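Colleague: Listed below are the residues making up each chain.
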Amino acid sequence: MTAGTAQDIAPARQGRFLRKALPYLLSLPALLMCIGILIPFFTAVYYSMLRYRLNLPAMKGFIWFDNYINFFTDPKFWNTLKISLIYAGLTVVLELILGLVIAMLLQKRSRVNNFISILLLLPLMTAPALAALMWKLMTNPNFGILSYLVSLIGFPDMKWGSDPSTALFTVVLVDMWVYTPFMMILLLAGLRSLPTAPFEAAALDDVPRSFVFFRITLPMLMPYLLTATLFRLLDSIQQFDIIYAMTQGGPGDKLLVFQVQAYLDFFQATNVGRSAALMIILWAITYFLSNIFIKQWLKLREKAHGVA
Amino acid sequence: MDHTSTFERILRGVLLAIVVIFFMFPIFWILLMSFQTNESILRMPPSIVFTPTFDNYIALVTGEMRTAAGSLQLNFMQNLWNSILLSSVSVAVALVLGVPAAYAFARFKFRLGEDIAFTLLSFRFAPPLLVLLPLSLYFKSLGLTNTYIGLIWVYQLICLPLILWIVRGYFEDLSPDIEHAHRIAGYSWFQTFRKIAIPLALPGIAAAGLLAFIFAWNNFIFALVLASADKQPVTVGALAFVTASGIQYGQIAAAIVLSVIPTFVLAMFAQRYLVEGLSLGAVKG
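Read top to bottom, the protein sequences are chains W and C. The first sequence begins at 1 in the numbering used here and counts up one residue at a time. The second sequence begins at 309 in the numbering used here and counts up one residue at a time.
Watch out, some of these pointers could steer you wrong.
Stated by the list, open to error - Once the Cα atoms are required to be at most 27 Å apart in a straight line, the calculated BS3-like pairs of lysine-lysine come out as:
| # | chain 1 | residue 1 | chain 2 | residue 2 |
| --- | --- | --- | --- | --- |
| 1 | W | 20 | C | 448 |
| 2 | W | 159 | W | 76 |
| 3 | W | 159 | W | 299 |
| 4 | W | 295 | C | 503 |
| 5 | W | 76 | W | 254 |
| 6 | C | 503 | W | 299 |
| 7 | W | 299 | W | 82 |
| 8 | W | 82 | W | 159 |
| 9 | C | 448 | C | 503 |
| 10 | W | 299 | C | 417 |
| 11 | C | 417 | W | 60 |
| 12 | W | 60 | W | 76 |
Claimed, not checked - The following label-pair restraints were derived from C-beta to C-beta distances:
| # | chain 1 | residue 1 | chain 2 | residue 2 | range |
| --- | --- | --- | --- | --- | --- |
| 13 | W | 73 | C | 317 | 53 to 61 Å |
| 14 | C | 484 | W | 195 | 26 to 34 Å |
| 15 | C | 503 | W | 51 | 27 to 35 Å |
| 16 | W | 39 | C | 507 | 36 to 44 Å |
| 17 | W | 218 | C | 314 | 37 to 45 Å |
| 18 | C | 328 | W | 89 | 42 to 50 Å |
| 19 | W | 113 | C | 339 | 20 to 28 Å |
Because the hints were derived from the structure by calculation, they are not lab data. All values reported here derive from a predicted model rather than from experimental measurement. From the three backbone atoms N, C-alpha and C, an ideal C-beta is built for every residue, glycine too.
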């Protein structure tokens, strides 16, 4: 090729510019989305440092960290923290155990097992709010099938979600119904991906089953167990749909978990400052927990994809 | 050699039966309820034997219900339409915006890309109300409250990160050699993207789209905060329905059935990809 004139070089330079700008252009929408999330986020941080009630606009004022400091002496805050932690702890532990048991029952590949796994996906595909409605109908004290069945075995007047002593039990039950399949399919995938050699060797040596389970299966399954647990823990501590649809946080203050409390603070009490501060605290908890997970996971991804 | 004794196999069968009953019973029961009249629903003890009726579904579809006390207007079909509209358009927009971005993240290693991916991923675990509550105030001042545009934009928060994450993984798994060969043959990056990359990643794109649709459909809190009666999807609408109609249990059951059928059907198509999608690729199904 002969030496190019200016006109020959110009298109090449344009091409090079396009090639450099291309990734940025392509990811522009994602960037806008990020900004679209970060703006309300920082607004929330700002609001959390205000005394700001929508129905008392004249009182709006900057109060630094007073909202947070007030939480320390606020029994409602400690109630929220307590209920949220209990709810998250119960649901995650119960779902983990139940999910693992079911996964082990379905471990062998067979047409029946495959069919059952598919059936068990359905609760997970139900909108949690709708699942709560379904259970609300079934636990209706007047005509609910579950109320009836339970009265047959000695609990004649169980009020399920409306009763302070059984409300938590009821929503945890709904949560288990919706989310245990999540644990199950994750752990099932994990179980099926385990190498068969150690198990065959153990079988040849007549190793007792409990040993196989606790010393071989569980350790090898640990990454899946941790992933599943962390996912569910992070989602459970922010649960809104099930509890709101079931009881709106009642009876009384029995089910006022973080997001439900913040919702009521904002829409009932119109207390923007307080609800923002509560959400920032919840965000801090989930950020801390998820960061551990994300950092580990990104490292694993890099290794898997062989980053140059 | 099969180690399981007959006893074990019976035990396994019994346990599985209990499990299946526990998880399937609510769906089965609500389905039954949707074909019952209110009188037979309220009859105690509850029984499986009854004369089925389509009245509940007819009432929902025609938007009108004759009760002993007179006619009641129902607007559940509007909720159903809202769900269909919001979910499909949000996913379509998210795919158009997200697939090229996922390609960029996969093929070009650039710092901004890593930052964006990390931010979006970390917000997957953040409480929605943190963003929704200030957003509701912004929407009010921008006049976006209770508009489809506003809702579709906010639904991107649900769909876009999911699509970015899953599709990026699929692009990363594709060897770039074919694309390089195509480029050397003289085609532009866009033609390569359209003719080579997308078709090869289509399973992943389809899976991401299906999952995003399911999550958008099942969403409750976004619409609760940012939508009012005429734009509410079925999740919020069903709850409002219960509050408004109080005792029309048959119609409530029918409304629930109509609301969950779409995600059930889609799940059947997407089940192979569900494990991957739900764990954001942490676990391959």
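Colleague: If a hint holds in the structure, say so; if it does not, say that too.
Modeller: We went through each hint and held it up to the structure:
no., hint, in the structure
1, 20/W <-> 448/C, "40 Å, violated"
2, 159/W <-> 76/W, "25 Å, holds"
3, 159/W <-> 299/W, "49 Å, violated"
4, 295/W <-> 503/C, "35 Å, violated"
5, 76/W <-> 254/W, "11 Å, holds"
6, 503/C <-> 299/W, "32 Å, violated"
7, 299/W <-> 82/W, "34 Å, violated"
8, 82/W <-> 159/W, "23 Å, holds"
9, 448/C <-> 503/C, "43 Å, violated"
10, 299/W <-> 417/C, "15 Å, holds"
11, 417/C <-> 60/W, "46 Å, violated"
12, 60/W <-> 76/W, "23 Å, holds"
13, 73/W <-> 317/C: 53 to 61 Å, "60 Å, holds"
14, 484/C <-> 195/W: 26 to 34 Å, "31 Å, holds"
15, 503/C <-> 51/W: 27 to 35 Å, "59 Å, violated"
16, 39/W <-> 507/C: 36 to 44 Å, "37 Å, holds"
17, 218/W <-> 314/C: 37 to 45 Å, "27 Å, violated"
18, 328/C <-> 89/W: 42 to 50 Å, "27 Å, violated"
19, 113/W <-> 339/C: 20 to 28 Å, "24 Å, holds"
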